[in-house]
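Q: For reference, the chains in residue letters:
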Amino acid sequence: MSEAIITCSNVWKLFGPDPQSFLDRHNGDPTPEAIKAEGYIPAVHSATVDVHEGEILVLMGLSGSGKSTLVRCLSRLIQPTAGMITFDGKDLLSASDKEMIEIRRHKMGMVFQHFALFPHRTVLENVAFPLEVQGVARPDRTAKAREILDLVGLSGRDHYYPRELSGGQQQRVGIGRSLAVEPDVWFLDEPFSALDPLIRREMQDEFIRLQAQLKKTIVFITHDFDEAIRLADRIAIMYEGQIVQIGTAEELITNPATEYVEKFTRDVSREKLLSVASVMGAPTSGVGLSHVTPDSKLSDVAAQVLSDGGPVAVVDGTGETVGSLTRDDIINALFKDSQ
Amino acid sequence: MTAAAKAQPESLEIEVPFWRSTRGLIAIAVGPFVALQILKRVIGDAFPDWAKLLPDSVVPNISEKINQFTDHLKEDQFLGLFNFRQLSRRIAGWLDWPLDFFDGILRTGDGSFGIPAVPWVAFVGLTAILGWYLKGWRLAAMAGGCVFYLAVFGMWDNAMLTLGAVLVAVPAAGLLGFGLGLLAAKQRWFEKILVPYLNILQAFPHFSYLLPVAVFVGLSHKAGVIATIIFAFPPMARLTILGIRGIAPEIIEAGEMAGATPFQMLWKVELPAARRALMVGVNQVIMGCLGMVVIASFIGTNGLGQELRGALNSLKIGEGLEIGIAVVVLAILLDRLSQAWSDREPEHREEVSTGERFKYVYAAAGVVVFSIIAGFVTDSSKIYPDARPILDEAGRTITNADGTIQKLDDWTVSFSGITDSVIDWVKTQDAVDAFRDFVLVQILLPMHDAFVAVPWIAGLVLIGGIGWAVKGPKLAASASALVAVLAFSGWWFEAMETTYLVFAAVVICMTSGVLIGIWASGSERRVKLTQVVLDTFQTMPSFIYLLPVIMLFRIGPVAALTAMVIYPTVPAVRYTMLGLRGVPEDKIEAAKTSGCTERQVLWKVKMPLALPEILLGLNQTILYTLFMVMIAAFIGGINGLGRPLFLSITNSDMGAGIVIGLCVACLGLIPDRLITSWASDRKTQLGLD
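Line by line, the protein sequences are chains A and B.
In this text, residue positions in the first sequence follow the working numbering: the first is 1, and each later residue adds one.
In this text, residue positions in the second sequence follow the working numbering: the first is 1, and each later residue adds one.
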């Protein structure tokens with residue numbers, strides 16, 4: 001796996017009268033009971049996670065689970081109560097205000113749930129804003145902003161004001177603005193939650209297209225598991241401020257760490273997510289002529305297995321048979337809950 | 001089944017006895033009055049004298065101490081260099097330059113700048129173009145018309161004096177308020193100091209601002225401008241805090257993530273994002289300045305206020321009305337223009353021809369060229385021909401040195417003659433007098449007697465009790481502390497006289513205001529219509545409301561009461577509408593599907609949900625009424641705190657002025673504390689926040 005660009009270890013964010021001394025009193029690791037008893041609210045509860053270069057890490061959880069707070073700790077919009085965050089190998093939490101401004105000007109970009117566009121600026125001026133505060137000359141920043149608007153599919157709207165655009169278009173501006181400085185790390189805080197389902201779908205496709213082109217390191221927040229599955233390389237599930245499990249979508253489904261994760265993943269359409277490798281049995285004799293590959297999804301091979309009747313051989317890229325797949329394997333995997 | 005039972009489904013409107021449907025209202029209106037009567041008759045005698053009215057020996061002589069302190073400030077030198085009065089006069093001197101500047105531009109045209117005064121023709125044209133630019137041809141016509149009115153009715157000179165004072169006071173008050181508000185928005189500790197101070201400041205009556213300025217700066221045109229600045233800045237400070245705090249956190253975060261420095265954050269993100277609130281603040285500052293500049297004529301500010309006061313003093317009602325209308329015209333002009341400015345939302349523009357893009361500039365240039373040419377043709381295009389300052393209306397001729405008689409040009413119009421004759425006719429109508437006497441003898445005097453009989457200790461306990469019931473011991477303590485201030489100020493009796501008048505006016509205002517509000521909420525069209533009427537009423541400087549009333553009822557409590565009820569009804573209507581319109585649609589649908597009649601929907605669902613909002617309206621109504629009582633003191637014939645406050649200004653009695661001002665502020669703050677506290681709790685309870 002590629003290198004971690006952000007590391008975050010045992011990060012706490014507590015709200016309450018005096019969180020610092022409260023943590024000290026409990027040696028930096030209070031129990032949830034103690035936190036409740038003394039009236040503190042653990043927005044982030046000892047979170048540890050690495051963000052690898054070029055991956056899409058999705059922070060996933062219901063509202064109030066602390067995912068927004070955690071991402072704000074990573075970008076240091078919020079100062080964590082305790083813990084350690086490094087960015088590009090440097091300690092982010094000890095960076096001075098001036099250094100933070102430098103980091104944000106060149107290395108971070110963020111997209112907001114409600115777009116957070118500046119209502120008094122045109123589309124072009126919004127996108128050019130991060131360049132403007134850096135002091136980039138007007139012709140240069142305008143050229144760059146035009147280029148970005150092309151990229152997000154908004155050319156021709158340069159001189160519109162945000163309120164003259166639809167929600168989807170506004171978020172394109174928000175995305176454009178966050179990309180203007182070509183950041184290394186891209187934070188997206190529920191960027192599509194405020195949009196209609198159809199537009200949301202369209203924007204997800206757009207996002208996938210952009211990422212294929214840009215290959216950014218991304219921390220993406222959502223409360224929508226389907227969205228997480230579509231976009232994520234890895235998913236971190238948060239509950240009451242804690243990260244309860246980190247893994248690929250498939251790992252979460254086949255191997256949920258807690259009951260909470262299991263509940264969360266229950267309604268997912270498994271056939272599209274589970275690969276042959278995760279449900280197949282040992283190689284057997286009596287397989288037919290046709291075969292499937294281990295990394296195919298069940299939805300792609302189901303028809304083939306069902307029509308074949310008997311077990312189907314699973315053959316990997318080198319031509320070696322690694323397992324077999326029967327109707328029962330598929331049915332058991334899909335209807336695990338009803339057993 | 002009987003016939004009656006069969007018929008029932010047809011008459012869904014179930015008859016409610018009149019008494020039952022209105023008993024609540026009657027109880028609210030009559031209850032306190034009856035209670036006070038009982039208090040006076042039954043319990044009143046049970047109180048020892050000291051509990052009714054504190055003897056003079058107990059009342060601390062604060063006024064005296066304030067006066068000593070003032071004298072010390074005035075006369076004694078600091079550091080052996082200068083005294084406070086010299087300092088304040090020096091600071092006041094800074095206003096000379098801008099006042100001269102605007103006076104030069106608008107009126108006299110001479111001065112050290114060598115700029116000619118703007119010709120009235122050019123002023124009309126440029127104002128119209130400003131209106132056109134800000135909103136369109138309607139506003140252009142209105143704005144141009146307003147300025148034209150000032151010229152036609154011979155108000156030009158005085159209106160320009162007033163406008164000049166406003167143009168100096170507005171930027172000063174705006175910047176002061178903005179600076180303080182900005183600091184408070186950024187620094188919690190400063191907000192904690194500033195906001196309570198603003199609360200008290202805004203509860204002080206207009207007149208209270210005049211006194212300290214008169215003492216330290218003296219009576220002059222600029223003294224009034226200073227009082228105006230001090231009076232008008234609090235709303236700007238408040239709205240600056242509100243605007244900056246009200247920015248969505250995401251917007252701030254977006255600025256931070258772009259790497260904005262604190263300075264860039266302020267100028268490029270926060271201030272533009274708070275533009276809306278800031279513009280509302282500017283509008284309020286403008287209106288506050290205009291209202292105050294008129295009243296500041298009491299300490300020597302020239303212009304329309306001075307003229308108006310003169311006309312009222314000499315009971316030239318027709319002339320007074322004309323000047324009053326000029327004030328209103330000026331108010332409407334400034335309000336609509338600043339309103340249109342703040343309403344402007346940025347909009348993308350398609351590529352247009354140069355002519356289209358610079359049409360406003362071309363039009364303005366056209367006006368300037370026209371008025372220059374017109375200036376060569378006739379002087380009448382520069383200064384509107386008005387002979388009245390030179391001669392009275394009868395003559396309009398002047399005898400030259402060589403004996404020839406020259407007729408002066410006079411294009412002014414006046415309807416004061418007509419007004420005066422209408423008033424004379426009204427005065428001869430017995431019905432008006434009969435009505436006045438009835439109200440005075442049958443209602444007001446008994447009420448007056450009941451109120452002034454209230455022992456201060458009873459007031460203290462009553463207010464404390466209400467405070468306790470609303471929020472608990474803390475509110476009880478702070479509310480009754482305010483009552484104690486009244487008792488120990490030595491002005492308890494006068495305060496109760498004022499309270500009685502306020503009470504009577506508030507009952508009238510609320511009854512009519514809520515009814516109008518209910519009617520107005522009935523349809524979109526009514527809402528719009530009512531808004532326009534309310535806006536117009538609110539635009540008028542409060543002083544104006546005295547005018548029509550004196551005409552009808554002459555001076556006295558009935559006239560004062562009538563003058564006091566129009567202005568404070570505005571918030572009553574406004575908040576009732578706000579409350580009723582704010583009731584969530586699903587609640588109304590739920591009531592309708594439960595089988596409520598329109599009437600039941602109103603009384604069982606809408607009104608209870610709108611009640612917190614309506615009570616906030618009550619709070620505003622009480623404050624407005626208090627201010628009006630103070631202003632109504634000008635027309636005389638009423639007792640209470642207004643008259644002595646007034647006298648303290650004439651006598652430059654700083655101590656008395658401040659103590660009485662404080663009493664008025666207390667009268668306003670008591671209901672304010674109780675009502676806002678109750679309403680915000682209730683709103684939370686109802687989930688309306």
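For the record, the hints were derived by calculation from the structure and aren't laboratory data.
Note that CB positions come from ideal geometry on N, CA and C, so glycine has one too.
There's no promise every hint is true.
Stated by the list, open to error - Short, incomplete list of chain A residues facing chain B, as computed with Cβ under 10 angstroms:
hint, residue
1, I103
2, R104
3, Q113
4, P119
5, P130
6, Q134
7, R138
8, R157
9, H159
10, Y161
11, E164
12, R177
13, A180
14, E182
15, D184
16, D189
Q: Are the hints correct? Go through all of them and say.
A: Consistency of the hints with the structure:
{"no.": "1", "hint": "I103", "in the structure": "8 angstroms, holds"}
{"no.": "2", "hint": "R104", "in the structure": "4 angstroms, holds"}
{"no.": "3", "hint": "Q113", "in the structure": "7 angstroms, holds"}
{"no.": "4", "hint": "P119", "in the structure": "7 angstroms, holds"}
{"no.": "5", "hint": "P130", "in the structure": "4 angstroms, holds"}
{"no.": "6", "hint": "Q134", "in the structure": "7 angstroms, holds"}
{"no.": "7", "hint": "R138", "in the structure": "14 angstroms, violated"}
{"no.": "8", "hint": "R157", "in the structure": "8 angstroms, holds"}
{"no.": "9", "hint": "H159", "in the structure": "4 angstroms, holds"}
{"no.": "10", "hint": "Y161", "in the structure": "5 angstroms, holds"}
{"no.": "11", "hint": "E164", "in the structure": "6 angstroms, holds"}
{"no.": "12", "hint": "R177", "in the structure": "7 angstroms, holds"}
{"no.": "13", "hint": "A180", "in the structure": "8 angstroms, holds"}
{"no.": "14", "hint": "E182", "in the structure": "13 angstroms, violated"}
{"no.": "15", "hint": "D184", "in the structure": "13 angstroms, violated"}
{"no.": "16", "hint": "D189", "in the structure": "8 angstroms, holds"}
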